[in-house]
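Protein chains: 2
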Amino acid sequence: MNNSDKMVPLVVPDFDTYPVTHQLQRATPIAQGIELLWNDGLSNQVPVIWLREFSPDPGTFHSVTREQRIALTDIPQDLSIAQMLIAEDGFLEVDWMPEDLHSRYHPGWLRCAVADPNDPMDSLPDRKLWPLPVTVKPNWLDGAAVYRGDTDALRIWLETLLRDGIGLLDGLPANREVIPAVVELIGPIRASNFGDVFEVESLPSANSNAYTALPLKVHSDLATREYIPGMQFLFCLENEATGGESLLVDGFAAAQQLNSESTEFFEVLATLPVPFGTKDREFDHRYCAPVLEHNAVGELSSVRHTYWLRSPMSGDFSTLNTFYAAYRRFQEICDDPDNQLRFRLQPGQLMAFDNRRVLHGRDAFDPESGRRLLRGCYGEREEVESRLRILYRALRAQEQTQQTGVRA
Amino acid sequence: MNNSDKMVPLVVPDFDTYPVTHQLQRATPIAQGIELLWNDGLSNQVPVIWLREFSPDPGTFHSVTREQRIALTDIPQDLSIAQMLIAEDGFLEVDWMPEDLHSRYHPGWLRCAVADPNDPMDSLPDRKLWPLPVTVKPNWLDGAAVYRGDTDALRIWLETLLRDGIGLLDGLPANREVIPAVVELIGPIRASNFGDVFEVESLPSANSNAYTALPLKVHSDLATREYIPGMQFLFCLENEATGGESLLVDGFAAAQQLNSESTEFFEVLATLPVPFGTKDREFDHRYCAPVLEHNAVGELSSVRHTYWLRSPMSGDFSTLNTFYAAYRRFQEICDDPDNQLRFRLQPGQLMAFDNRRVLHGRDAFDPESGRRLLRGCYGEREEVESRLRILYRALRAQEQTQQTGVRA
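Listed in order, the protein sequences are those of chains A and B. Take 1 as the starting number for the first sequence in our numbering and just add one per residue. Take 1001 as the starting number for the second sequence in our numbering and just add one per residue.
Any given hint might turn out to be false.
[Claimed, not checked] Pair by pair, the computed Cβ-Cβ distance ranges are:
#1 S1043(B) x D170(A): 54 to 60 Å
#2 G370(A) x S1080(B): 39 to 45 Å
#3 D1126(B) x E93(A): 51 to 57 Å
#4 N1139(B) x T73(A): 24 to 30 Å
[What the hints assert, rightly or not] Here are a few chain B residues that sit away from chain A, every Cβ distance over 10 Å (derived from the structure):
#5 V1020
#6 I1049
#7 R1069
#8 E1088
#9 N1139
#10 W1140
#11 P1173
#12 A1174
#13 L1320
#14 R1342
#15 P1347
#16 G1370
#17 E1380
#18 Q1398
#19 Q1402
[Claimed, not checked] The following residues of chain B were derived to be distant from chain A, with all beta-carbon distances above 10 Å:
#20 E1093
#21 E1099
#22 V1178
#23 T1212
#24 F1343
Since the hints were derived computationally from the structure, they do not count as laboratory data. Yeah, the Cβ is synthetic: ideal placement off N, Cα and C, and Gly gets one too.
Chain A with its partners taken away, still in its complex shape (with noise of 0.2 Å):
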């Protein structure tokens, strides 16, 4: 079979499932566009190439991949509309000029199209930090339902952690291939210096702070990397040890109550640059970015915090003086036990979180006195949050299965 000759029109030109929410009233060319009219009142305008290029026909998509076969360079430049019209089953037809096409637009994925597509967050949970200081417990969810591949379970565990940072699973079997297994029912496992799944626990050898028996501050892993892991996973298989205990903290809830001490200390912490360097005979990452990193739509997006892997850095003498009261202050708000939610990980609990927002530490355990073993992975933000679209797109479909009996 020669998937490119499948030429089967598609409905809708992705794996989607649109509910028709809204009927287009009228649909009228004007310069260079077409004018859409709804009848809850809503009108859009959009250029004639913005709805050429989303035509669902097997030239324009290929019906096995439902991804564009063509690019903006084979769209003719005089393109225009011969004509167009709204069907009886309230889809949007159009024939173009010069090419010969007609296409036909779902009216569900067209209302869809022109309301806001650009939000890259659509309909994911929003963040909400915690309110400092915690006094909250932890929030144990059913490790064992999301294991035996319980979609809704899967789906609040993913929820739980995309809003508060932190998605916790008690009830596992603690056994080594637990980790990837469950973190594989999201997305791939984020290698690293570190390999695919690490180990954690006191080394002889050790490369990293992590694998010795020393107390962690809160911090987050791998602050050398430009694009630090969204997601990290830790399991525990054995904890023995006198010591050990899990710290966790909500570091956007911290540099918000740092702001509200001090726009100055919050400001530049947001943006002086800091260089932080992976300590390593096999690995010399290095990377320069402010301690409370933002995106461009200027939201906090990272806290770039692994505090043991700062390199020295140079510059104005006042500003690096300003620098360091201002991250002295912000450790502090971290470090301080009332703003962290703390507890002992038992063999068979999981803590997943969001290692660009919630810092994580332990005490300093005796590995004289027993074994501590966790095994952990990375992950990223974007795995959660596809997982959760696909698991979201799965309930649309079952939906409107129930409600029409087809599938568009």
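Chain A is fixed; fit chain B onto it per the hints.
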């Protein structure tokens, strides 16, 4: 052996070797800091805490991991210098109060730390854009040498890759295991929705246009991701099919040309967020960012252009029309054969390229005429940079040993 008990002092607080290029002449206490004067006239003012936190003593730095054991908050706020002198061996020696601590700073390390440690690119090769139109031929490097572990060949390959955005290897054995083996000489493979290592051939149930026989105009991979993979590796196992020539173009050079033709076009592509979405039954990554993405310091960092994964965008009608005109023109520049490097991959040849800078494509091929099979994977710029630093570090250590017989 308990790793936290080896209280061995380090000479420098990392794994590198620092040649002593300058002598420290004077160290003077000033308010909140220290002034350092060097024998070439350079003078620096650094905060006292700056010097204190990089003390290579065993209480501050773990002797095995060479990472800091302490955080800023472990250092007394009333820290000051009890005594400071330049020792006969050129080391800066400091006695601290109220801590009972004596610190010795290596003059080579100190000079390097005050000079310009913030530059994340340090001594790596500068990027060199391709002059357009392209007149050079593909520059095939010695893949056999890289594969057998020749570190000079590896260094030359990686330097070429950072400078030109592409690094082409010839003469590798055409077997499946070569690609992970060669890439792991650099660092970990970046997994994606296509797995760790993917196979590029025409498949009936393709989940990407890449896995069809369709022509692919030049593009970057995974524009749907917040962090686009910085490196891509494509290795040819078989190429008996008619067609399927490989195309490469320097997207940064194309962006520069666009800017010289029309700053309005460049600006809209550099600022208008464009939504991208993975088309797959199992993944739904979405990200919204400009096609010509700039980093925090205003440098072009990525060309976001998987053209068949762009989602419909909303927004101001006239801005959208400008965007479409600008994007069309950018693609015309990229698709111009005069601006492209074009060659037919032979079995045993590997093309590595900066997937955030260099766009790649292929001509259509006829899967009935013979098999075309590539294996590929993603990596990161950061891993290439890290590996090069390790190679340079080894050269520095070798040089120092040759000169002095000792290693810092």
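Outcome of the hint check:
| no. | hint | verdict |
| --- | --- | --- |
| 1 | S1043(B) x D170(A): 54 to 60 Å | holds (59 Å) |
| 2 | G370(A) x S1080(B): 39 to 45 Å | holds (42 Å) |
| 3 | D1126(B) x E93(A): 51 to 57 Å | holds (54 Å) |
| 4 | N1139(B) x T73(A): 24 to 30 Å | holds (29 Å) |
| 5 | V1020 | holds (17 Å) |
| 6 | I1049 | violated (5 Å) |
| 7 | R1069 | violated (6 Å) |
| 8 | E1088 | holds (25 Å) |
| 9 | N1139 | holds (27 Å) |
| 10 | W1140 | holds (28 Å) |
| 11 | P1173 | holds (25 Å) |
| 12 | A1174 | holds (25 Å) |
| 13 | L1320 | violated (5 Å) |
| 14 | R1342 | holds (17 Å) |
| 15 | P1347 | holds (24 Å) |
| 16 | G1370 | holds (14 Å) |
| 17 | E1380 | violated (8 Å) |
| 18 | Q1398 | holds (15 Å) |
| 19 | Q1402 | holds (20 Å) |
| 20 | E1093 | holds (18 Å) |
| 21 | E1099 | holds (16 Å) |
| 22 | V1178 | holds (19 Å) |
| 23 | T1212 | violated (5 Å) |
| 24 | F1343 | holds (22 Å) |
Checked against the numbered hints listed earlier, the structure breaks hints 6, 7, 13, 17 and 23; every other hint is satisfied.
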